[in-house]
Amino acid sequence: MALDQVLVSTVIFASLYSLMSIGLTLTYMTTKVPNFAHGTFITLGIYMGYTAFHFWGLSPYISSPFSFLLGGAVAVGMYLLVLRPLSARGVSLVGLMIATFAVDTIFLGIVNVYAGILANTYHVGNSLTIIYFIADFTIDGIKGLFVAAPAFLAALAVGLYLLLMRTKFGVAMRAAVENADLAGILGINVQRVYVVSWFLAGGLGGVAGSFLPMIAAGSPSTGSQLIVAIFAGSIVGGLNSIFGAIVGGSVVGIAGGLLPTELAMVFGSWVTSYSSVMPVLVMVVALLFVPKGLTTVNWRRLLRTEKKVERASV
Amino acid sequence: MAFLIFGVDLAQFIPVLAETIAIYLAISISLNLELGYTGIPNFGKALYVLAGAAFGGAFALHFTSWVFGITVSGDFYQDLNLVPTINVVIQGNPALSIGLILLTLLVAAVVGALLGFLTSYPAIRLREDYLAMVLLGSAEFLLYFLYTYQPIIGGSFGAQMFDPYAWAGPNRYILATGVAVIFALLVYLYVERVARSPLGRTLRAIRDNETAAEALGKDTVAVRRNVLMIASAISAMAGVLIAFYAADVSVPAFQRINYTFWPWVIVIIGGMANNVGVAIAASIFWTAYDVIVLSKNALANYIPFDLNYLVYIVLGVVLIVMLMVRPSGMLKEKPTHTLPSSRIRELYESMKSRKSARPPEEGKPGN
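Protein chains in written order, with the working numbering: chain A, 1 to 314; chain B, 1 to 367.
Think of the hints as simulated: they come from the structure by calculation, not from any bench. A portion of the hints provided could be inaccurate.
[As the list claims (entries may be wrong)] Restraint-style ranges between C-beta atoms, simulated for each label pair: (1) B:Asn308 with A:Val297: 39 to 47 Å; (2) B:Arg196 with A:Leu164: 54 to 62 Å; (3) B:Tyr121 with A:Asn240: 21 to 29 Å; (4) B:Phe157 with A:Leu164: 45 to 53 Å; (5) B:Val317 with A:Arg301: 47 to 55 Å; (6) B:Asn308 with A:Pro65: 31 to 39 Å; (7) A:Gly170 with B:Pro304: 45 to 53 Å; (8) A:Ala73 with B:Val321: 16 to 24 Å; (9) A:Leu162 with B:Pro304: 42 to 50 Å; (10) A:Ala155 with B:Lys334: 56 to 64 Å.
[Stated by the list, open to error] EDC-like, lysine to aspartate or glutamate: derived pairs with alpha carbons at most 20 Å apart: (11) A:Lys32 with B:Asp129; (12) A:Lys292 with B:Asp129; (13) A:Lys32 with B:Glu128.
Note that CB positions come from ideal geometry on N, CA and C, so glycine has one too.
Okay, chain B solo, but in the shape it has when bound (with noise of 0.2 Å):
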């Protein structure tokens, strides 16, 4: 018996919600960690993530079929059979399938770290304002161009992409959410573990004073080049994840609202520079998101219009109320643990069983 909202099965329900808020959730952290923990307003997030997923997905497309010898016959991305093709080699091998993944992951990376790098040039230049303007205007411009030229991503007609997750069978959306949460718990983790290492402090101090920062000794120019270009590599991969999931690149799916806009709002209503605040804001943006959007169908006589429009109209008012009455988000930033707080204890119980052992002597003053 399976459980049904608006008359689709949750178990159909549920892996998908799951892959939008994980890609989000990716995303998202990789925004805070520029945004949230360095103060880069970073207004061209579409960009990696189009990037990622229209550089990664030809990469991909050529790459098999330079591997497996398929002639394609005239165009590249007209060519019907091409991807049919990939997919029987790929179909019963699991090793090969998650190895292209991996190596498509990993060229999308660095597709994005260059990109990032090509972005520190005016992000450490610049004024917030032209900052904004030149990110927005970059963004757009691949945009543009992706969608007019077609031999990188198909232009206007788009790619299909081959499956890498067909080997799973009827499973094969739960194997790609079950990818795409990994890779989110693994940026989840990196960017956490970054922000209580020492170079996360160093990261708010050039956010909070970058002339104090400068003067500590910290090269300021070059942090903020590494953050942009990792922030810029997670996008991406998750443009990759997006792709491969499902199995096609559109390139005006990539548009700012989808991969500027939306990250914006989960992290600031999710809390700059906290993670925790972060997943949550992903998590309940997206699941009332998906819920509305499955509610569309069965309102669809009563409504005479798209319910996915309401929803801009209400985030959009959220956030501006937020800015006014929260501007720190639903979660504040929280002074890091450096340590584990049993490591912490354990230290402190050393100290003073050593303090106990030996009292301090007469006239000086105790640590």
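With the rest of the complex left out, here is chain A (with noise of 0.2 Å):
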């Protein structure tokens, strides 16, 4: 059975954004604090899998719980040590922005320590252009990732779901996202609330960028080049809405991997080089015209007026 490797790569591109959005989200709507150092979750999350991949042999799939576990303490610990002493001392919501930019520049500069020392002292990858694959199981010539990664972002929103609408921390969750303020007065640890969700969106991003090496070449820098495209899938998905974030990041990955393609068929093969430029033209497209998101659209009443602007006009 042979697939379209175009429609495989969509596929695998989508459900990895989706996982990044996903965890851009979280931390949005706890915190309400853009983090543009998202990326350095995913960073982290391609180095500890190669790490592992290289000196343990051990394929991203078996490693990703460790991915997940350090993306996941990364994150809190940039909340702790930062962004809540920060918030604390009353510093504004540009200091906290530009805050985050500074965590993703020390650990852009940990990163390429660490990959400097792998390519120099243990001889692994290039020094100068730090690109590594690693290897994908097939089943049939399919790739493993275009059943997993779909299978895992399945398993997650289940997850989710259950966890935010059928558990007591699910609902001081979303008391906490409502109304901090109230939610502390009735006696939820809010504070709590924050760590688990930046520990959750972390350690979704590791995941993300453990998958990531089998399907595109990681390199230091891979986090800080996505992080456009990982906050143009919270925004189609509206910034407050989990599920939506599921969403922008198919809108995301369909955009820079099948939309090109099909266009390409239509306007000649040029489209497909600009496709690393149509997540930033998502974001802003988004931006300008559905700032709260896709999922807060009402298509109904879109289409309805658009009958009855017709039925006028007849």
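Assembling the complex is the task here: the two chains are given apart, and the hints tell you how they should meet.
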């Protein structure tokens, strides 16, 4: 059975972008700070996966729990050591945003140092263009990730739905998102909710990162480069809905994969070279026209008004 | 006898360092005008610098090839004869070279102002976090677009620029540095002057309490738009100077860490709305950075990674610590002296002499 390569990579990227955007949305919903360091968790996941693969021969599927823990730990550390003290000192939103920028730069440095040591001391990779691929398993010529990534996303979506809707902690979490002060008064440990959401966000970024080298080249700056696409996914999803983030991540995945290829059939092959521009374009268009996200658009009303207009014109 | 630092001649090192400091001073001061004085968090600073370098550079190349009647064979930026031919024409002609620099700066300023005008649309309407995302995204969009789309500035190949400093011969870099330093000085004096003028007080009023400023009849929308246009024009001109200095436009060099994050670090460490602090911070920052980069080569055999990245870590930590310990920066914002102190003393003396000549009447409080 042969599947279209573009379709395969689009499905995988859509799933991975969704995982990343879910994390970003979680942290934005709870702490209300756009985290420009979200790419860090992805980069850490890539290097965790790569280290496990190279030194212990572990497939990223097996090492992904470690990537989850690493990403989650860094995210919690970032929240507890940087963002919480800063907001306790009354630093403005702008200050918090530039602090997340600083965290991203710090980890860009740390991962680059690590990659340099890997290259020069252990002769792993190339010290100039640090690009790694990890082999994926295939079934009948289909990449394993084509099944694994959407399956993980689906399981995660079900899990998050159950957590948020069916457990006491989920109710507390939603309450803390709605109104942190009121939730605190009612005895909900808001800080714990925040820490858990940061842990989840970092962990999911780490897992997405550990899967990434099986489909695309990874380097220490991969996370920083992906950050715009991750934001695009979250913004298309409305920045306040986890399920919106899945929609948004998929839109970005399609816009960067399937869409340019389809357009290339009409306009010529030059379109495909712009696939890296597409996520940014999606983000700018979304911010200009649906700043509150696709999920807030009242499609039924939109269609009805259009029908009305049609009728009026008739 | 040359002074050597890590095997590099100081006479070569200092102009390079001074050029970097000057360029970053201009960009950081323009960011200070937006962020420090007016309170517009511009997270897309790299956008304007890149636009200045790319569109200004493209203009300069197309304009010169048109004026000198150079026929280009094939793709404009692939033609290896174009730039050497221009260089031959302008090499012995300082006046023409300077004219070309000024003209390109003017074009870049217009491009920058136009971009600033476009930026003001979201900047006035969006909340800080959405604005940050829009500006960051726009900068990234232009970067990816110019990297892919070759007709503007050569895409991923980049474009070689002609050298308007070539007439200085071996002192070319010193001349280029001099131009950058003069530019930075002019920007500094201009922004300092604005800050001390009634306009400067309007900017602070808008920053501190927009509603109150509006109630007092200030057109906050127009003021913010103008600030963004001016600051963006300055950044774009800095972009042109970068392109001429390197005699090359390479799109990936204009990443957000280089031209958005470092200027932010300089402004936050130096002190918001304090240009002296920003100037000191820019000097310390780049001296430290360049010395580390120099020492990199000397230490390459002992350290298994690129020392640049230690700078990333240290500066990130410094920024966060600074935000925690001293959010106002090294030098705090000071009340501005609208008049020079000598003039104030003069006025004071004249008032005092007038007072002593005519003592206050009884029953009335003195002024």
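Now the hints, each set against the structure:
Distance hint for Asn308 of chain B and Val297 of chain A: a CB-CB separation of about 45 Å, consistent with the stated range 39 to 47 Å. Between Arg196 of chain B and Leu164 of chain A the beta carbon distance is about 55 Å. The supplied range of 54 to 62 Å therefore holds. Distance hint for Tyr121 of chain B and Asn240 of chain A: a CB-CB separation of about 24 Å, consistent with the stated range 21 to 29 Å. Between Phe157 of chain B and Leu164 of chain A the beta carbon distance is about 50 Å. The supplied range of 45 to 53 Å therefore holds.
Range check, Val317 of chain B to Arg301 of chain A: Cβ separation about 50 Å, and the 47 to 55 Å hint holds. Separated by about 33 Å at the C-beta atoms, Asn308 of chain B and Pro65 of chain A satisfy the suggested range of 31 to 39 Å. For Gly170 of chain A and Pro304 of chain B, the hinted distance range of 45 to 53 Å is satisfied, since their beta carbons lie about 47 Å from each other. Checking the proposed 16 to 24 Å range against Ala73 of chain A and Val321 of chain B shows it holds: the Cβ atoms sit about 21 Å from each other.
The hinted range of 42 to 50 Å is satisfied by Leu162 of chain A and Pro304 of chain B, whose Cβ atoms lie roughly 47 Å apart. Between Ala155 of chain A and Lys334 of chain B the beta carbons are some 58 Å apart, a value that agrees with the proposed interval 56 to 64 Å. Taking the CA atoms of Lys32 of chain A and Asp129 of chain B, the gap is near 9 Å; set against the 20 Å cutoff, the hint holds. In summary, the hint linking Lys292 of chain A to Asp129 of chain B is supported, as the alpha carbons are separated by about 13 Å, within the 20 Å threshold.
For the hint linking Lys32 of chain A to Glu128 of chain B, the alpha-carbon distance of about 11 Å falls within 20 Å, and the restraint holds.
Of the hints listed earlier, there is not a single one the structure fails to meet.
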